[in-house]
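S.K.: Residue numbers (the working numbering), protein chains in the order written: chain C, 1 to 377; chain R, 1001 to 1525.
Sample of chain C residues lacking proximity to chain R, with all beta carbon distances greater than 12 Å (derived):
id: 1; residue: D182
id: 2; residue: D200
id: 3; residue: G283
id: 4; residue: L306
Residues on chain C that point at chain R, a partial pick, calculated with CB under 10 Å:
id: 5; residue: F229
id: 6; residue: V230
id: 7; residue: W236
id: 8; residue: R239
id: 9; residue: N246
id: 10; residue: I248
id: 11; residue: A250
id: 12; residue: A256
id: 13; residue: T258
id: 14; residue: R259
Beyond 10 Å from chain C on every Cβ pair, some chain R residues (computed):
id: 15; residue: H1083
id: 16; residue: E1113
id: 17; residue: R1466
Just so you know, the hints here were simulated from the structure itself, not pulled from any lab data. From the three backbone atoms N, C-alpha and C, an ideal C-beta is built for every residue, glycine too.
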Amino acid sequence: MSTTDTRPAESRQPFLDERWRTRSEMALLYAASIFGALGLSALMVAMTGNSWQKVFGALLDGAFLAPGRWGNTLTVAMPMLLVALGTVVAVRAGLFNIGQEGQLLMGAMLMAVVGTKMEGPGVLLLIGGMIMGAVAGGAFAGISAVMRYRRGVPEVISTLLMVFVALQLTGFAVITEWFLRDNDPNRPQRAQTSAALDADTHLPEIHIFGNSFSLGVIIAVALAVVVAFVLARTVWGFRFRVLGHNPIVAQKIGIAATRTGSLALFVSGAFAGLAGAMMLVSGSSSYRFTPGFSTNIGWQGLLVALLARSRPIACIPMAVLFAALRTGSGFLASTGVDRKIVDVTQALLVLALLIPPAVAFIRERRRAVAIAAGDRV
Amino acid sequence: MALPSERPEATAALEVRGMTKRFGNLVACADVDLVLRRGEIHGILGENGAGKSTLMRMLIGLALPDAGSIAIDGEPCRIIDPHHAAGRGIGMVHQHYSLVDALTVWENVALGEKEHLDPDATRARIRAISERYGLDVDPDARVRDLTAGVRQRVEIIKCLRHEPRILILDEPTSVLTPAESEQLFSVLKEGVRREGWAVALVSHKLDELLHASDRITIMRDGRVVSHVLTADADAPSLARAMVGRDVNLFSASAAIGVVDEAALAAATDAAKPGLPPVLEITGASVRGADGEILLDGLTVSVAPGEVVGVAGVEGNGQEPLSKVMSSLLALDSGSVRVDGVEVATGRAGAMMHAGVAVIPADRHASGCVMEMSVAENLVLSSIERYTERGVLDRDAIRKRAVELIAEFDVHTPGPETPFGQLSGGNQQRAVLARALSVGPKVLVAVQPTRGLDVGAIEYIGERLQRAAADGIGVLLVSTDLGEIAALAHRIVVIYRGKIIGEMPRAQLDMERLGLLIGGSTGEAA
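Generate coordinates for the entire structure from the input sequences, incorporating the hints supplied.
M.R.: Take a look at the structure:
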């Protein structure tokens, strides 16, 4: 690139051609970066004296190929997708909610309270619990909204710190007799968990091609479509976008940051809360609420949204990819490789997707300096 | 391109050949030749967007040329960053100041120096430069307490500290009163005469260059259209060369910095008397976060069909006034009434709903959403009209956008184009289109033509006058006296957050206006 382009401006390629060339170059860069990340992971496996072919084979088996595995993967992807959707809503409104791990715990806890402590028809408890879970997650994020708009506390910090509050609160709940502790004297570990949900409050499972997955998967995908539609095509999405891109203009035309921003944070938290509730009724931890119930789903949902570049539909494949790494890692034991390799691979993938924009920037700068230094004068 | 005949008595300090710079498909500078000579002030004249600033940025190493060569004292050299440029004796005073408000003058001057910090030596150096060039500055004053004119002196001292032999000033008078501009020019002339500086004075103001320069290079669309000796030039011929066609010096006055008093006197006052004011701002006072006074009992009223010009030097309360009228700032005391009804200041959308439309000075920051489409921006403030049960009616939005694009002659590839891809003039047309399309009662236009080319400036001026003719009360806030004189029926002067003087256009007195904006009410007031 640094040696051509001495033609006069009039004879340069038309704008569209140039844009397509740039795009295909970027696509190539992305592909190369991803292969680079996978290659590096393979190299690390090889360096520890193991077979990378076996590792990738095991990951693929664990995620998709072995009997019943892809259904399992989809069920794991479901809460990640929900968390990511909530993140996207907040990001569009210019807010960074990174406390989904805590909001998810709150949602799951409320579902457990409704499911184990209240009486009523199972369907009612199931639906009521999911709604309560969403409200709990939303309200938990809403505390951060109040702190932001009343006291100017950045939501990035407050949502993150509120995770630790949620951890303490839910930890307290499961060891407290009157709260959520399982009171069945026949279970030895009952002091650490809630009672199991009754079968009539479980979310139905869909059985297909020898696999089964939670109905929640369908709900989550449907919600992704709804979020995409609301953001792009409705007046609420419009307001979120104006607020996110330019809060000054928003204030001017009557979109109050306090109201609209709080709504965005609430919705964002509600998605995480719903994710927690649906994990519980889909059978996570054997339908019991436990202190470590969230198992990093909240954090991983954030990464899903990051890699999907805040596009709701793109969150679907990204969530499946991350879920596949997670379920696939369960099969690594047979290869003798530590399952932490999956965390490394995930981190490498995240970094890999940041490389192409950086390369484009550096190349442009180099070109300019080379010209100034006289290569072409 | 023919070069001007060399004058043997003036030696070339800096010689530029074939400088070219492209940004994407836009050619900002095309094959530009320029010679700056010792002992001369060289005016670079051109409209906004003609490529003047880009050319200067390449001389100082802030932008890197795609092609071309630079020679200093006849020796070819390459400038890749501002340090490099300083090392070769080139200094620049920028259009926008780069001073730290909270620091003192000497601290600002010492900022960015590589050697060990020595307060006393720095102070002494500042005093020496002050005395030598008549740049009166107290080294221990805090920058935040200084007026724009003094801040500029600090910038110049920062620049002179490196003893440059080639001095570039980019639109130096845009924030100065006429008296301060005069002072600046005498400093420059002194330096040129005594020290043999080569000065490049970049401006879009014709009058200024006719008055202060020895030679003028005129640029248009990134190219040099001519080099002339100032002694041989006159305003109409320069204006024609600058714009590329004959221009009405009156309607284009803001673009070329000429005030034609004869034409002003001939203009008739069209304001209808006797109507109750549509906008009344009474005793508006606001303090900033640090307790500084932003508005200090500002009172002004606008009748329907009237254009009231608020003249003043930048930083005297124009921005807070604009913010109040955009619902971005709440008053501490005082009131704003629209059509007799008091409007809650600072509440989101309250001004807009009361019928106030604002064309802000910083259209990028508060006039539009660059990332959204042209169509979305055009219906931004009336989006509720284009929704059905919460769902955007995209056909209706597109239809309305196409109408407005045609009516206001916005040049855009299409309504779906991202707003940020439009040129400055077209962005401003779109902002104006949105402001007028909602049928406002009051239109507040703040620096509506800043940074635009002549065609766009004439258009905006015409539109403002038409809006007034339709019965809208127009408050025109501008630092450009020419623009105010050309458009306003009545002129008020803003100084340190309040209105300190007023005159109808029929009694326009540019000299008194010049004094007023400097804060001197004098006896004539």
